[in-house]
Amino acid sequence: MGTKDNAVLDQGFDGIEPMVFESQISVPYSWWAGDTATYFLKGLRDEKKIRALKCTSCGKTYIPPRKTCPVCFVPNTEWKDLSGTGTVQSFTIARRQLAAISKKVPVIYALIKLDGADTAMLHYIEGISPEKMKIGMKVQAEFAEDRKGTIQDIAFFKPVKEV
Amino acid sequence: MAKRVAIVGTGQTFHKSHRPDVNGQELINEAVQAALKDADIKISDIDAIIIGNMDHFEGINYVDCWSIDGSGGFMKPVIKITTGGTTGCSVAIGGYHLVASGLFDRVLIIGWEKNSESDTTGAITTAFDPIWDRLVFAGAISGLAAEAQAYMARYGATEKDGARVSVRDRKHALNNPHAQLRKEITIDEVLASPMLADPIHLLDVCPRTDGAAAVIMASEDSAEKITSSPDWIWATSNRHSYSYLGDADYGRLTSMREASQDLFKKGGIKEPRKEIDVIELYQPYSFGGIIWIEDMGIIGPGEGPRYIGEGNTDMGGELPINPSGGVISCNPIGATGLIRCCEAAMQVMGKADQHQVPDVNFAVSTGFGGCWWTDMILHGKKKPGK
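Protein sequence lines correspond, in order, to chains A and B. With this note's numbering as the guide, the letters of the first sequence map in order to residues 1 to 163. With this note's numbering as the guide, the letters of the second sequence map in order to residues 1 to 386.
Isolated chain A (complex conformation) (with noise of 0.2 Å):
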């Protein structure tokens, strides 16, 4: 390195603005759900039915339902319908908006454990109030009106009761 480098060093980077670079990727993919997720999507898309999984070795009913157990590792052979009511397990409220969320905030998340099942789905709660949301509340499937074959078929849950 010459002097005049050394120069450059030994005096540092002041007054120097550091350069930024936009990203000129877009990157987009697609994704086979596969038989079973399939399977499952068609009748929530044709039939507003909500399927689960059972397996036959632990009697465990999965949702999203799931070909393989993971704990037994057997395929799982035995579909179940279920009713569309559940229990909410955990919740939050998104009170921020981010481009991840597309819906306006505030908007209620839930973990909803539904009745016949052993895993919780996560999914929208309306048509109640952020205040008075609580665990342990039952609540049920709303159906959207135009559905697409996606989890979003199930437009939100609500609460059974009034509230």
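Everything labelled a hint here was simulated from the structure, so no lab data went into it. Some hints could be false.
To be verified - Derived Cβ-Cβ restraints for the label pairs, each shown as a range:
1) A:T38 x B:I60: 29 to 37 Å
2) B:G317 x A:K67: 45 to 53 Å
3) B:R306 x A:K67: 40 to 48 Å
Each residue gets a CB set at the ideal place from its N, CA and C atoms; glycine is no exception.
Based on the hints, put chain B in the right spot on chain A.
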């Protein structure tokens, strides 16, 4: 064949919200040079490198290759390990495996992040299932909020109990020159800060940080030649518990419970509260500081608020937690787990200066990931038995 392994040097950057004056590999280099200086060895003494950061955070995938100017990885074996929030702890566990195998004698371990360079919520969303969880995903904080909400309902804890943990960590950070946020806060200030996702206020959560950390591990063949006070790795453990967000037990961190039981069994720790002298907990929000030490078995379920409220986990208390100021004071995510490891090692080696806990025989460092997975390391002053 299996070798005992020790940490013989650590290094960190001075973590800040933005480091526009350096690019990623230049940031990495600052931590690497500090670790080499701490161990008083040269880059030519290093046999292999493990590096990690958060997927998608800087949008650079081949970090193992791209970083060699900074890491010193030119013409060396370099492996990238990335496991989300636990990355910093996983790279350390990976380094431990390499050295313990007997195949490499001295390994350099690096964790780094420039959180200032991306939409972190967008990047974190990629950790969740696109069909089931992403369409109704509410951001990283909402998952934590649901855990806190469930814990409060189960044990009657309050928002004030959470705030007490933030107050502790921010106070501890005053003694750590490497921490980003070094200003004391009060319980009232936490409770008055904006509500992000009930019951989590702005001051209940970590900041976004640019920073890097490096650790040098050596086998028993050379550790004691490099330093007279090595930090011996007694055990490591990690556990995962779910595929979908609804699978977890909200209000309890079951992966921490299982990993702790495994870690303490391997390390021969029977009464963690008595035998552990200091914990560096990967705790990105206040309530984690309560819930997760219960799952670690330090105290019983529901006992956290009282135990912490009485000052037992403050500096000078029975079991100081996060003398560094923890994640609430500083969170360069891919480095964060390794900073916990650095800090635990510094405590065991007696190098923590202003935030040194006296007479540390055993320390625990942890990593927490995305939602609900756990990595852990048990550090000790004494050389473990064969």
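Taking 29 to 37 Å as the hint, is the beta-carbon distance of T38 (chain A) and I60 (chain B) inside that range? 35 Å, holds
Is it true that the C-beta distance of G317 (chain B) to K67 (chain A) lies inside 45 to 53 Å, as the hint says? Since G317 (chain B) and K67 (chain A) have Cβ atoms about 49 Å apart, the given range 45 to 53 Å holds.
Regarding R306 (chain B) and K67 (chain A), is the given constraint of 40 to 48 Å on their beta-carbon distance met? Holds, since R306 (chain B) and K67 (chain A) (Cβ atoms, about 45 Å apart) stay within the stated range.
Of the numbered hints listed earlier, not one is contradicted by the structure.
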